[in-house]
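Novice: In case you want the letters, here they are:
Number of protein chains: 2
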Amino acid sequence: MNGLQTDLYQLTMAAGFFETGKVRERATFELFVRHLPRHREFLVSAGLAQAVDYLLNLSFTGEQVDYIRKLPQFERVSPAFFEYLRAFRFTGDVFAMREGTPFFPGEPILTVRAPLVEAQIPETYLLAMLSFQSMIATKAVRVARAADGRSVVEFGTRRAHSPEAGVLAGRAAYIGGCIGTSNVEAGFRYGIPVFGTAAHSWVMSFPRERAAQEALQKLLGARAAYLIDTYDTVEGARMVASLGKPLWGVRLDSGDLVKLAREVRKILDAAGLPEAKIMASGDLNEEKVRMIVQADAPIDVFGVGTELATSADSPNVAAVYKMSEMEIDGIKRYTFKHSVEKETLPGAKQVFRHAGRDQIACEWECPPILAGGRPAIALLRPVILDGELVEPLPDAASAREHCASSMDSITPGHIVEYSAELRQLAERAADDVMKIRP
Amino acid sequence: MNGLQTDLYQLTMAAGFFETGKVRERATFELFVRHLPRHREFLVSAGLAQAVDYLLNLSFTGEQVDYIRKLPQFERVSPAFFEYLRAFRFTGDVFAMREGTPFFPGEPILTVRAPLVEAQIPETYLLAMLSFQSMIATKAVRVARAADGRSVVEFGTRRAHSPEAGVLAGRAAYIGGCIGTSNVEAGFRYGIPVFGTAAHSWVMSFPRERAAQEALQKLLGARAAYLIDTYDTVEGARMVASLGKPLWGVRLDSGDLVKLAREVRKILDAAGLPEAKIMASGDLNEEKVRMIVQADAPIDVFGVGTELATSADSPNVAAVYKMSEMEIDGIKRYTFKHSVEKETLPGAKQVFRHAGRDQIACEWECPPILAGGRPAIALLRPVILDGELVEPLPDAASAREHCASSMDSITPGHIVEYSAELRQLAERAADDVMKIRP
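In order, the protein sequence lines correspond to chains A and B.
So the first sequence is numbered by this note's numbering: it starts at 1 and just counts up by one.
So the second sequence is numbered by this note's numbering: it starts at 1 and just counts up by one.
Be aware that a few hints might be false.
[To be verified] Capping the alpha-carbon separation at 20 Å, the derived lysine-lysine pairs in PhoX-like fashion look like this:
| id | chain 1 | residue 1 | chain 2 | residue 2 |
| --- | --- | --- | --- | --- |
| 1 | B | Lys218 | A | Lys70 |
| 2 | B | Lys259 | B | Lys218 |
| 3 | A | Lys218 | B | Lys70 |
| 4 | A | Lys277 | A | Lys218 |
| 5 | A | Lys218 | A | Lys245 |
| 6 | A | Lys245 | A | Lys288 |
[What the hints assert, rightly or not] Cβ pair distances, simulated, as ranges:
| id | chain 1 | residue 1 | chain 2 | residue 2 | range |
| --- | --- | --- | --- | --- | --- |
| 7 | A | Gly62 | B | Arg69 | 36 to 46 Å |
| 8 | A | Thr411 | B | Glu275 | 35 to 45 Å |
| 9 | B | Arg34 | A | Arg89 | 45 to 55 Å |
| 10 | B | Pro392 | A | Arg290 | 44 to 54 Å |
Think of the hints as simulated: they come from the structure by calculation, not from any bench.
Using N, Cα and C, we set each Cβ at its ideal position, and we do this for glycine too.
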C-alpha cells in the first residue's frame, strides 16, 4: 500500500521495462551523496530501519493500481502490467551501512540489487528517507559536540517539514547524540526517551504565575521543570526558588541566556537548591550552544528545535540513487552517468574503513590488511537477501551508541580514496560506453 | 490514533489541567507567524485540509494511553485522566483562512476555541502541518511568478524532509501555482495532476540510447518526454529528432540550460518538430528560472525539485500558536506572552482585507466599510463548530484557483495594521497583567 510513494516516472519506466521484457533483468543501484552539504565535514547515516520497513512492505492496493491504470501516461500499457503490480513484492538484496555510521561523498550507504523494476520503484522513497534522517543525525552530532558533554534534547517538531518529519527528526536527532526528543510519537514508535513539562500557556492558564508553578510542582514533583520567562525571568526564578523542593529545575526560553542563567543560578543556589538544573531553549543551534558553553554559562541542558529539526543552515543533501551495474540480455554491464558535472562510477562497491582513511572499492575486492594483520572493516553489510530480512536491525539506541563510538574514527583530515581496481574499472567502462553510443 | 503526534509537554499540561479542574475551561489559541521568513514578502496559507482531518480524528488508542501512563512524567497522575484520554475527542471550534490565501505576520491563519486540553494538544501538529505547507505554497508562488506564464512542475520528493513531506510538498506546490507534481501519492490522495516519463536509468538499461528512446516512444507516444543528457545533450537531441513524431518533447537535466535549449530548439525545428516542447530541470529555483526567462531561452516547462520541496533559501517559518483568551473560573481573561521580543496581542481576532490593506481587529468588530459601501472581506471563517465540520473544505484545485486570484490583491506596499479597538484591548490587558503578577 506504500507503492505510490514514488515519482511517476518510476512507474512509467516500470511499465516500459515490463513491456520490453526487462522486468526480471537484475540491476544494482547505489545510494550516495555527490558532495558534502555546505557547512558539513561528514555525514552520519540514519533512516535504514524505515527504508527496510518500506521495502519489506512494498505493494499496491487494488485501488492504487486502478488509479495508475487510469492515468493518461498508461493508456498504451498492456493489462498484464497491472496484474504484475497487484502481485508486486520486493524480492531483491540490500546492503547498507549501519545506522549511525559516518560517511563521505561517493560512498554508497545503501546498495539495492534486484530485478530492474523492483530496484527502480523504491528510488524516491529511499532517497527521501535516508537523506532526511542522515541530514538530521549529522546536525545533531554537531549540536551535541558543541554542547561538550552537556545534554541536548530535540524540540523541533512544530517547525519540522510536516508532523511526520517531526517524528523522524526526533529519531534521527537521538541517533546523532541527543538524549531524547519532545516528540511523543517518536518515543512510542522507536522507544526514544521523551522530555517536556510545560509551556507558556500553562502559566497563562492560571490567574497567577505562582498558582501555575505550584500546580506543576504538585503534578511532577522532582521532575518539575518550570518555564520562568512568561512575564519576567528573574522574578520567575525567585518565585520558583521560594517554592523549594521538590523540583528538577527551570527552563529559560528568551532573552540573554548567558546573563540570565548566571542570575538564575545565583537565585537557586541562594535558596539552597544547588542541584536544581537550568535548561535553555529558544532558537538555538550549534553556534549559539558553543558560545554559551565557551562563556561557561551555568546551563545544564539545551533544548534545540527549529534549526535541528530542519537542519536550517544546510536543509538538504545531494543524495542520488544511481545504477552501477545491470544484466542486459544476461550479460553484466557496468553502467554510469556521463552528464556534465554529474558523473558516477560504475560497478557495485564496498567501502573499507581503517583509521583516518576510507577506501571505496569494487564489491569483490579483498579488504586492505592493516598493520597488525587485521582486515579493514567493510561498512556495507547484507540487510535483505532475496526479499527477506537477514537479521533484526539494531534499534535507535544501538544506532546512537554506534554513532558515538564511530565518530572517534573520523578526524578532519580523513581521506577517501578509490581502489586501483575501481579506477581501472571506471576507465574500461568509459571506453565501453563510447562503443555503445548511438 | 494520531494523539501522540505532539510534544510531550502538551500531554503533561493536559494531565495538569485535568488534575486542577481546568479541563473544561474554554481557551482560544491563534496560529500566526511572528515575522516573515528571510527572502519572503508574504506567505500563502496551505495545509488546512490536513489540519482539519487531524482534528476531526484526534484520538488515542488503548496502547497509546498505556504508553503515556507508563512514562515517568505521569507517575503522579490519577487514573481518571487516562480514562479521559481514551474517550478524547475534539469538540471545539476552528476558524481559518481558506487555503491559498496570502497572509502577513501577526495575522491568525487559524483560531481554535475549545476546552483547554482540546485546544492545547493539537498545537504541535497544527504548527508543523500549516507552517510546512504554507512555506512550500509560498515558495511555489515565487517560482511560478519567475516562470512568467511558463509551466512549473514540482519534482522534489526525493530531497524532501521524509517521503510524507514529499507528498505534502507536492500538494502545497500545486496550491501555490505549479501545474502538478511528480509525486504519485499526492496525485492519488489529493487529485493533483502527476507528471514524469523517464530517468537516466531508463537510458542506461538499454544497450544503446536509441533503443531506449524508441521504447519510450512506443510506450508513451505523444506523451513521450525524452531525457537527452545521459551521454551528450546535443547528440541526444539529434537522435530523438531522427525518431520524429509522435513525441511530447525533450528534457534537459544538466549543463548550460539556456545555451543547450537554443541548440536543441534548432535541432527540433530543423527536423520539422516545432511543436515539440523543451523541459528543463536540475537544481532550479526562482532565481535561475527568472534568468532563463529573461534570457528568453526556448524552455516551455520547468521541473523544480530540491529548492522547492525544501524551501531551501528559507527552510522554516516562525509560526506560533498562542493563547489569546481564556475563561478562568468562568471569567473571560485576555492572555498574552510578555517575554522579551516574543510579545503577543490578547483577544480573539479577525482579519479584514481590502485593496492594499489588512486590518487585524477584535473578532467582534464590524468590518470596515469600503468606498462604494461594501464591507471588507473577513478572512477567518468558521471551519469546525462544536467538533463538526461546517461544510466540506475546498479541494487543492480550488485552493490553487483561490491563490491565483488572491495574489492580485497583494502588492509590495501592502499595509497591515491593528484596529483601534485591538490596540486599546492590548493596553488594558497589559495593565491587567501587572495586577495579577505574583
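Novice: Hint by hint, note whether the structure agrees.
Specialist: Going through the hints against the structure:
Our distance criterion of 20 Å between C-alpha atoms is met by Lys218 (chain B) and Lys70 (chain A), whose separation comes to about 18 Å. A hinted pair counts as satisfied when its Cα atoms are at most 20 Å apart, and Lys259 (chain B) with Lys218 (chain B) does not qualify at roughly 30 Å. Between Lys218 (chain A) and Lys70 (chain B), the direct Cα distance comes to roughly 18 Å. Compliance with the 20 Å bound is thereby established for this hinted pair. Between the alpha carbons of Lys277 (chain A) and Lys218 (chain A) the distance comes to roughly 18 Å, so the proposed pair stays at or under 20 Å and holds.
Straight-line distance between C-alpha atoms of Lys218 (chain A) and Lys245 (chain A) comes to about 11 Å, which keeps the hinted pair within the 20 Å bound. Of the supplied pair hints, the one linking Lys245 (chain A) and Lys288 (chain A) is violated, its CA atoms being roughly 31 Å apart against a limit of 20 Å. For the pair Gly62 (chain A) and Arg69 (chain B), the supplied restraint of 36 to 46 Å holds, since their beta-carbon distance comes to about 39 Å. For the pair Thr411 (chain A) and Glu275 (chain B), the supplied restraint of 35 to 45 Å is violated, since their beta-carbon distance comes to about 58 Å.
Taking the beta carbon of each, Arg34 (chain B) and Arg89 (chain A) are about 49 Å apart, inside 45 to 55 Å as hinted. As the Cβ distance of Pro392 (chain B) to Arg290 (chain A) is approximately 51 Å, the hint placing it in 44 to 54 Å holds.
Of the hints listed earlier, those the structure fails to meet are numbers 2, 6 and 8, in rising order.
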